[in-house]
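Model the full structure from these sequences, guided by the hints.
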Amino acid sequence: GQSLEQPSEVTAVEGAIVQINCTYQTSGFYGLSWYQQHDGGAPTFLSYNGLDGLEETGRFSSFLSRSDSYGYLLLQELQMKDSASYFCVRGDSSYKLIFGSGTRLLVRP
Amino acid sequence: NAGVTQTPKFQVLKTGQSMTLQCAQDMNHEYMSWYRQDPGMGLRLIHYSVGAGITDQGEVPNGYNVSRSTTEDFPLRLLSAAPSQTSVYFCASSYGGGGGLDTQYFGPGTRLTVL
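So the protein sequences, as listed, match chains A and B.
Note that the first sequence ends on residue 117 in the numbering used here; no numbers are left out.
Note that the second sequence ends on residue 113 in the numbering used here; no numbers are left out.
Some hints could be false.
What the hints assert, rightly or not - Just the calculated beta-carbon pair ranges, DEER-fashion:
| id | chain 1 | residue 1 | chain 2 | residue 2 | range |
| --- | --- | --- | --- | --- | --- |
| 1 | A | MET88 | B | GLY1 | 36 to 46 Å |
| 2 | A | GLU64 | B | LEU77 | 41 to 51 Å |
| 3 | B | GLY51 | A | GLU22 | 43 to 53 Å |
| 4 | A | GLN27 | B | GLY51 | 38 to 48 Å |
| 5 | A | PRO117 | B | GLY1 | 31 to 41 Å |
| 6 | A | GLU22 | B | ALA50 | 45 to 55 Å |
| 7 | A | THR52 | B | ALA50 | 36 to 46 Å |
Claimed, not checked - Think about it this way: if two alpha-carbon atoms lie no more than 20 Å apart in a straight line, the pair counts; the simulated SDA-like pairs of lysine to any residue are:
| id | chain 1 | residue 1 | chain 2 | residue 2 |
| --- | --- | --- | --- | --- |
| 8 | A | LYS104 | B | GLY61 |
| 9 | B | LYS7 | A | LYS104 |
| 10 | A | LYS104 | B | VAL58 |
Quick caveat, the hints were computed from the structure, so don't treat them as lab data.
Yeah, the Cβ is synthetic: ideal placement off N, Cα and C, and Gly gets one too.
Spelled out as structure tokens, the structure:
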């Protein structure tokens, strides 16, 4: 999506921590959410940030800073099954959602 | 609950043909949407609906129509298929919290090829 920027690829080692950043355009910004998609599969919801700060769900956390127009997804204790594409999604008050182009995460043993 | 179901799973069309992709959900969700995903790309919003009788255009609406006569169903119609519409189509639904950003449940997708 043109209004979201995230890295195209990230590589990390099993057991490590990885952070996937997402910057967005501020016009009408409502919040940010994150999805995981394995090859050939459908996206699955990971996290949603409507307010600034950290949201934690198990090994996954997401952070939002409205003042910096920036958010990130943090994956801890990486497992091989975490190899997938991760998308940040921007929303506005019109319920129109914009997906980023995705970050492909490769977890190596 | 079946969740979000989509039919067909695969479809091949010739240029100029029309067809309808079906999407249904049994979770009583108000918010439903259609996306397309081209290889190596993110999802792009085609059309969405915040409730029965209400639809709106997303990023890439041209060549597609939708209607929402019931809460459960949200069909996507391709009016005159073109090779540029070759893609994977996903339907999604949610309660609509957070301006639609709260948990969206996706169907398994329809893989469409237009020759």
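Hint by hint, here is what the structure shows:
1. A:MET88 to B:GLY1: 36 to 46 Å: violated (26 Å)
2. A:GLU64 to B:LEU77: 41 to 51 Å: This hint holds: roughly 45 Å between Cβ atoms.
3. B:GLY51 to A:GLU22: 43 to 53 Å: Roughly 50 Å apart at Cβ, these two residues keep to the hinted range, so it holds.
4. A:GLN27 to B:GLY51: 38 to 48 Å: Check passed, 43 Å falls within 38 to 48 Å.
5. A:PRO117 to B:GLY1: 31 to 41 Å: Roughly 33 Å apart at Cβ, these two residues keep to the hinted range, so it holds.
6. A:GLU22 to B:ALA50: 45 to 55 Å: Holds: the Cβ-Cβ distance is about 47 Å, inside 45 to 55 Å.
7. A:THR52 to B:ALA50: 36 to 46 Å: violated (26 Å)
8. A:LYS104 to B:GLY61: Given that 20 Å is the threshold and the Cα spacing comes to 19 Å, the pair holds.
9. B:LYS7 to A:LYS104: violated (26 Å)
10. A:LYS104 to B:VAL58: holds (12 Å)
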